[in-house]
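Number of protein chains: 2
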Amino acid sequence: MKRVKLTISYDGTRYCGWQVQNNGPTVEEAVTLAVKKVTGEDVKLLGASRTDAGVHALGNVAVFDTSSPVPADKFCFALNSYLPEDIVVLDSCEVAADFHPRHCESRKTYEYRIRNTRFPLATDRLYTHHVHKKLDTEAMRRAAAFVTGEHDFTSFCSVGAQVESKVRTVYSLDILEDGGVITLRICGNGFLYNMVRIIAGTLIEVGLGLRDPEGMGDVILGMDRNLAGPTAPAKGLTLIKIDFL
Amino acid sequence: MKRVKLTISYDGTRYCGWQVQNNGPTVEEAVTLAVKKVTGEDVKLLGASRTDAGVHALGNVAVFDTSSPVPADKFCFALNSYLPEDIVVLDSCEVAADFHPRHCESRKTYEYRIRNTRFPLATDRLYTHHVHKKLDTEAMRRAAAFVTGEHDFTSFCSVGAQVESKVRTVYSLDILEDGGVITLRICGNGFLYNMVRIIAGTLIEVGLGLRDPEGMGDVILGMDRNLAGPTAPAKGLTLIKIDFL
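So the protein lines, in turn, are chains A and B. Going by our numbering, the first sequence opens with residue -15, and the numbers climb by one from there. Going by our numbering, the second sequence opens with residue -15, and the numbers climb by one from there.
It is worth saying that the hints were derived from the structure and are not from the lab. Please read these numbers as outputs of a predicted model, since none were measured by experiment. Do not rely on the hints blindly, as some may be mistaken.
Identical chains share a label here; the pair holds if one copy fits it or two copies do between them.
[As the list claims (entries may be wrong)] Calculated cross-link-like contacts (lysine to any residue; reagent style SDA-like; alpha-carbon spacing at most 25 Å): (1) 117 <-> 225; (2) 28 <-> 132; (3) 118 <-> 34; (4) -14 <-> 118; (5) 20 <-> 69.
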């Protein structure tokens, strides 16, 4: 028996998110089925990040236990031959039998991409959120500075999320611009339900001049979801990578 | 009556190319239908570049004549409200009544993108051609140097193409690398049928070590399609822009 760790990229467009559910196809379901085809076993995947419907990933992580003779580093090749082309296992390796991707310290990096041009572009429409009015990125950067550090992020968590503590640390939040696309790149030790999308939605309001950038500190201190902006659309969000510490 | 010029971006994935044909949907057909919805007129679009099935565009150009009262610069908004989301008119303006996008001098820029990593990436699979073996980009650059300039490009033209002259000028052919993607960026005064894809297929063979980079000159001089490499897949190709001189 060995525990195999997968690094998985997917285009979330046609999936109802990571986690198995009844109302449509999920990434977890597709990967579990591919493992069954390779090993003949019904495994339980442990995923690092339960991404929402429509969210993309370049490097989500999941582990499973198997008695298969397939070497751990060959699983990526075997699984890719059974997976649809919008899910690709980029790497596979053996990890300690007690390694759990949600129960150990990690650093997650997400990107939220905004196409800020008059019209969307046909070839990146699935991976960016289009905002046609010009965003003030300097104002967005001033607001973003309040987000970094350790805070209670209740204001940036969808109501109904069941977690013990809403304190998280954001290590960095950079706002990059390239060819009409504004990328919010955020790195932290964990993110609450919809947290990145609510931060993005709030920063977009700042960029549109609808919200004072210096008010961002009060939004955090207020610990009330109603103080923050809307949840930005899923398709702009990509889980870039997870580093385990 | 006025002549309106459109700058059009599209994701070629689900289209049988630009030009109207019987075996499936085309971009020309979709745009013509949108013009009909806006103006009530049956117009004949004159396209600058008849891209193949599966090829993408950030800036193809087409013109049409209309008696519609809609101002030329407002057509982009009107057309986008009727177009599917994988076709976006980025700009519209009035041009001289005798402006024909294929009968005047222009400079076209194409990019051919190769994902050169062990596995494809789910989120760019539709817009790159995946080559898993590491490509030698220095050798590709040496071969690319033979392509620039004025040449008879018969060796890089699919057999059966009906054109008077196969002499074209390539102004530049740059090979860029970024995050596992190799981009061949080529700019010229015109391109023969499949020319960019055959140049890409030949340079990939050079990059794989299957072909001597210094042999590229003889491929051009030989004026024989059999001397060049295969036609690289359509999905890696994007028409970036057309500058009219």
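For each hint, the structure was consulted:
Proximity of residue 117 to residue 225 under the C-alpha cut-off of 25 Å is restricted to the inter-copy arrangement: shortest distance 24 Å between copies versus 30 Å within a copy. For the homomeric pair residue 28 and residue 132, neither the shortest alpha-carbon distance inside one copy (35 Å) nor that between copies (56 Å) is at most 25 Å. Proximity of residue 118 and residue 34 under a CA criterion of 25 Å is satisfied in neither setting, with 32 Å inside one chain copy and 33 Å between copies. Neither within a single protomer nor between protomers do residue -14 and residue 118 lie at most 25 Å apart by alpha-carbon distance, with minima of 52 Å and 31 Å respectively.
For the homomeric pair residue 20 and residue 69, the shortest alpha-carbon distance inside one copy (18 Å) is at most 25 Å, but the shortest distance between copies (37 Å) is not.
The structure fails to meet hints 2, 3 and 4 from the earlier list, while all remaining hints are met.
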